[in-house]
Amino acid sequence: MEIDSKDSQIIELLKQDSRLPIREIAKQTKIRPSTVHQRIQKLIEGKIIEKFTIKLNNKAVGENFIVFMLVKGTTTEYIDNKILNNKHVKEIFGVTGEYDLLIKLKFKDVEEFHEFVLNFRKNKKEIQSTLTMVATANLKEEI
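So the number in the working numbering is just where the residue sits in the sequence shown, counting from 1, plus 1.
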């Protein structure tokens, strides 16, 4: 599916606020509301827009301790069972280089993180090594 400048404008507006009314999008893009609706439907059907979501205030929901963990030596089965189903795991990326995975985690506090690490490292034969980085500031985050 090809995206033109109007589609790009619609996408940018929805990225800023996915609840923005179609009439407001139409007003800002200078196209008819029915056309905006059709374009959004085509973006969904074309799998350009996968879903509409929300951005949480991490502090308000008790997830203001953000950690990035690089992991070396994991199997697909281990990822499925130990990582994917964990409530603290927010994103997982396969990466190039020395490590296999980059995992973004969110916790209430350092104690909650410590408990996660103890459980995560229990099966040492699956994990060769990890490198953990604590985020000290969120300088930019987009959805």
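It should be emphasised that the hints constitute simulated quantities derived from the structure, not laboratory data. A couple of the hints might just be wrong.
Derived DSS-like pairs (lysine-lysine); straight-line CA-CA distance at most 30 Å [stated by the list, open to error]: (1) 123 to 52; (2) 60 to 7; (3) 73 to 16; (4) 16 to 56; (5) 105 to 73; (6) 31 to 60; (7) 52 to 141; (8) 105 to 48; (9) 16 to 43; (10) 43 to 60.
Structure-based check of all given hints:
no. : hint      : result
1   : 123 to 52 : violated (35 Å)
2   : 60 to 7   : violated (35 Å)
3   : 73 to 16  : violated (34 Å)
4   : 16 to 56  : holds (10 Å)
5   : 105 to 73 : holds (15 Å)
6   : 31 to 60  : violated (38 Å)
7   : 52 to 141 : holds (21 Å)
8   : 105 to 48 : holds (25 Å)
9   : 16 to 43  : holds (17 Å)
10  : 43 to 60  : violated (36 Å)
Violation of the numbered hints given earlier is confined to hints 1, 2, 3, 6 and 10; the remaining hints are satisfied by the structure.
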